[in-house]
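Enquirer: Each chain, written out:
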Amino acid sequence: MKTIWLVIKHDVAFVLRQRSFWIMTLLMPALLMGTNAYLATQNNAPATPTTPASADQSTPPRIGLVDHANLITLTPDDLPPHLFLPFPDETTAQAALDQGDITQYVVIPADFTDGGEIVIYDRGFQLLSGGDSSSVAFNGSYDWALTYLITANLTGDTQLAAVVQNPTPRAATQMHRLQPPASADESSNLGMAIIVARVMPYLFYFLLIMGGSYMMRSVVAEKENRTVEILLLSLDPTQLMIGKIIAMSVIVAIQLVVWVGGGMLILNRAATVMQFTSFAFPSGFFVWAMLFLLLGYLLFAAIMSAVGALATNAREGGQAIWILVIPLMPTLMFGPLFAEEPNHPLVVALSLFPFSSPSAMVTRLAVGDVPAWQLLVSVLALVGTTYLFIVLAGRFFKSGNLLSDTAFSWRRLASGWKG
Amino acid sequence: MNNFWLVAKHEYRRMVLRRAFVLTTLLIPLGMAAVIGLAILVGESTADKRPLGYVDHTHQLDPTLWQNQPDATVELRPFPDEATAQAALENGDIQAFFVLPATYPNPRQTDLYFMEEPPNGDIWGAFDDFVRLNYTRQLDPALRQQLLDGPAVIVNDLDSGRTFSSASIINIILPFFATFIFFIATMSASGYMIQVVADEKENRTMEIMLTSLSPFQLIGGKTIGLLGVALTQLGIYGLTVVVGLLAAQPFVPMLQTAVIPWAYLLIMALFFLPAFALIAGIMVAIGSIVPNLQQGQQVAGLLNFLFILPIFLLAIIIENPNAPLAVAFTLFPTTAFLTVSLRWGLGSVPLWQLGASWVILVITAVFAVWVASRIFRIGMLQYGQPLSWKTAVAALRSS
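Those sequence lines, one after another, are chains A and B.
In case it helps, the numbering used here puts the first sequence at residues 1 to 419.
In case it helps, the numbering used here puts the second sequence at residues 420 to 818.
Next up, chain B with everything else stripped away, as it sits in the complex (with noise of 0.2 Å):
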């Protein structure tokens, strides 16, 4: 037991220090924060700032009930006419106009003018406040505040026995975020597996540590070793995350309604370490079958893709979560974790569908970490010819 963690320790260490780990765990939280940052300075540079205009023939909007607002970020800007204002989005001094009638509300009728695009949705969202706030100044304070901020719904899913809330939409960016750092921390760690054994049979150290060592011991020990250094990379990618939306939280204000998904969390626990080992033992599979690193790559190269298939038909789960593509993957072992991760986010996932993927990949991961100590220890003892698929096979079916 003591070889086991000494193994455990010195594959922790070897990797942890290593300036290619630590370069990838600081770079991608820094390279993600930069992809972030220029995608909101590119979205801040291209949207339209000038303000938009109207003209009320009704004579029941107040101008001063919106200047009065303290989170109104846009501009509304009477006008006494259409052609003044017409006149003033050809100057381009507005982006655009709504028309009132004096017939409005009954019907809400009204006219846009714009030039060559209608104004975005935040823009007409922000005039359709301005409305809503004259229309209910005569009612009651409190009936008023009610009504502006729309009834308190909550959603109780009798399949789950989860609840939503209009807050819990903000929960959908954190299995995204979540499913993109697990992949990147368990598919380095899947790398790095193939690689010490595949390196420990070419400079033919494997042959002097397994004098001293088991072949469980050996490879269970790198086995944690590696699972360690998985997570101290998913610690450092999560305080990452907690502290950017920390950072953010007083500048967006769906942040603020956001709660930590602690049932989540322990779903994705549950089903990290048998994906862990199923992927370990398929590394370490191949690892021990192929004649070099570079051969072992490429064929890790075509599995990892089984792994990361979810990814690619993202649309589709996000399209429908229940559709039977997106059912198959949450079942089928390799696919489970990243698909489990993602409907989660998206909504209910039926319990059965839970408990079935996850029996599925513990009984697979079990599997895979059997067949993959059968094969290391036949490639170790066929050191120096090249492992045949067949003689893999065969070597199984003797056992």
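Just chain A, with the same shape it has in the complex (with noise of 0.2 Å):
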């Protein structure tokens, strides 16, 4: 007991020490869950008007317009007023841009009508200017004015060219939902639940490929220079695994704290800007994402020091982390599906399977309720295979992988696993 005592205070002093350890556990989370947290903010912002009947109430650009066509005759009266301003020609339109009067000039070319293109000149013009609300190019706030005022030219009737630019405009039309959503909150709670099911997965990636990984390069390193052979002279292989595995699930806890106080902060800031109720994670979220946290690390680290006893360096062990990271991809990706479709039956089947339910499964449980089978099966599956690696990770933490030079192979580990 004391010898296991002592691998765990080694190990964990030993990690504790490395500044790339305390940068990865506080830059890095800041950083996704920040980007993530304002991305998801920006995602609920209004949406910027498109239609001449929902007209930004904003003070509306200055646009140049220059028409060698002489197209324009009719101005509607619902395009805000000195929208378009004319211009003899480039040169003075050009005047205008440079002296700031301006924001874009249009050219309507004499050839127009025979099917000649419309060119807008600009300065630092940007393809995805939708917040843009000086732009009548596409995707600028009034685009819809530009191709408005020549429909309306070119058909002489301003209101069969409204019908055209846009039929059903959505602040022109009633909407009757028939069945209303069970409670008021929901629909902010979506915003919110949202924001969980994109940080969630990243935390619990970063948790268990982490503890994984620092679980293998602890094996390697001490197989690396040799000090294995010393230790294995004070204590048996098993102990030395229970030590190593306990060591790094107090480092992953560290990281847990960090980052699970980090992220409480982000959401309660991102509730407070976005206006919304308070996330409130569902009771007993806590205890289970503990027990999936506790059962998922045991997994990966159980591979991870399975891999590390056979690997003869870091950067061959290095290669076997692809295992654990495939199948946590899906859940980084498809976050937002969790929370607006929970019982899709992709999000069913990650939250099933063992190596990837630590994550999923997590994730399903922050931003909704899952049935109760769901849940039991996916803990017994987790619990087995669990189970399963560790005693397989007993096999080959034996004295004869730890000193062997033999390289890393999947033939020896499969053998390995046929015992």
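FYI, nobody ran anything at the bench for these hints, they're computed from the structure.
Predicted model only: the values in this text are computed from it and were never measured.
Built from N, CA and C at the ideal position, the CB exists for glycine as well.
Hints are supplied without guarantee of correctness; some may be wrong.
To be verified - One side of the interface only, derived from the structure: several residues of chain B facing chain A at Cβ under 7 Å: (1) V461; (2) Y532; (3) P570; (4) P740; (5) N741; (6) A742.
Got two chains here, each in a separate frame; can you build the complex from them with the hints?
Expert: Put into structure tokens, the structure is as follows:
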């Protein structure tokens, strides 16, 4: 028991002394969470008006108009006043643009009605300028105005032009929801649930992968510098494995405290910014989350300790991390799907499969109810798989492997499993 | 010079023939294809494919006009009145229905009935197209087509001299793909760089090699060899993207209007070489300083972070590509490559920023290579004892 305690103490102190550990623990998740929260906040911002009926109340831009086709004779009443300022030629329009009197100018060529292209001149143009209130080009807030003006003048009928421009403006559409949501808070909570569903898989991904990778590196380091030969004189391989697994679980717990603390702060901040009701995790969530994290960590640590025992150096062992990364990737990529469609077949499959369930089931639990049978199947599958891999890891964690110089190979791994 | 190419050739062959290299190079495009396929499957399976109903009190809408549309993927179902439409909606036969009152289109007031969620933009857009078809049917066919297509608009940006059209939007995708591909290729090459220096230091072959090679020939040859490895990887990824796009072209109309962005490819080629030299220089310096590969990888992991920072702050760059942060990233040498790639895809980048960024990057890269060669030489001479940062800096000052 004393030797296990010594292993734990040494390994924890070793990792905590590494500067890279603290940088990864503090910097990386802060950036990821910040970016995701920012992104989600932006996604929930109100949409920019794009129809004549819902014209922006803010000051409209001033756009120069050079009409070589003599097309524009009619200005619809519902266009913002003084949106288009006529100029006789490009030179004067350019001068006005340079002086800042206009933000863009539009040139209608003489051959426009025969298939000519309208040219907009701009400075610092951005393609995705949905938020730019001064653009009449595609994706700009006033792109509708240019099309509307042209259509009205081509047809000579502003009402028909309005229909062609937008037959059913959202602002003029009376919405009749026949089945209202269960609670008024549901839609606002969905916004927060999406943030949680984006952040939670990252949190679990880093905790599990870093936990597993520390485990592997810690075993390999001692193999590489041959201290394992001395260590095995005074303790048996099982004690070494148990000591290392507990030590790395302490490291994961430290990271968990830092990340969850930071995550909660960000969530509360996001809830304030978005004027949502404070997001509340379902009751019992933390118990389930800890259980899945513990089982997931034990599973990943067992696999990585086996890999560490078989690899001769850190590079060889690093290749095996991919086995753990791949099952966790779909949860990272489809995070928002967990909040929007918690019973989607992909979501259910990921939350039952033992290699992805530690991250997927916790994400699902965080954002909604999960049927009891699924929770039970998921836990049982994870417990069974973890037990199996710990037993298998014990097989690999033998003096023969720990002292061997033979290179890591999948064939060696497979033959070891067969016993 | 012969030795230089010998090292380059050896390094290239050694890396390209490794099983891990072949696997990574092939698995990444396959993985990307799998992710895109999965995303499409998820999107398809969650999409509501039920018809959209409508009640037309104007008696202007002719259902056959929509049925004759070759590209109509949404079924639009007419109902005589609200009661029958509502019964169909409650029965789950339709996902929603519009009601056009007799006064339509003056005003363009409509009613939309749905259960929980209104129809998505594509479904709503299909109904809009149907109304447009009906209200323009009396017009001259050429004018009608011009109205339905909308005016052809191009944008000339006076700051960068670039021209954009609505078709350019598809070109945004390319820099995103390219950024990730460049990122993977460059980062793996930098990983190999530190590995080759640290490996040969560890197994002492370096000492034997330096009896017949100068440090420049050794490091230069290795860098060129690894540049070849990175370019091979980029070539394979690029080819996969081109084949993928060509295969998807008949099914995705947006892709048919896409043009090859030669200017973007030229800019990226100009930035790639100094960016690669900068990464290689930094990694050689680290490989020379650290006593073993494991420590080297830890330090390199942190420095890699400086190169990939724009990916973590992607949302901010997309939101406002001219924000001070995006400009700072454009000018800062380690983030310049990825930021320029992203910003170029999103719109115009002022020429002065491109020029300044490139000059800063080249100067930093040359400096990094010089520093690396100094540290490498000192690291070789002092092998056996750990090279501290202080010794490395002192060695640089004395040169």
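Enquirer: Kindly indicate which numbered hints from before are broken by the structure, ordering the numbers from low to high.
Expert: Violated hint: only 6; rest satisfied.
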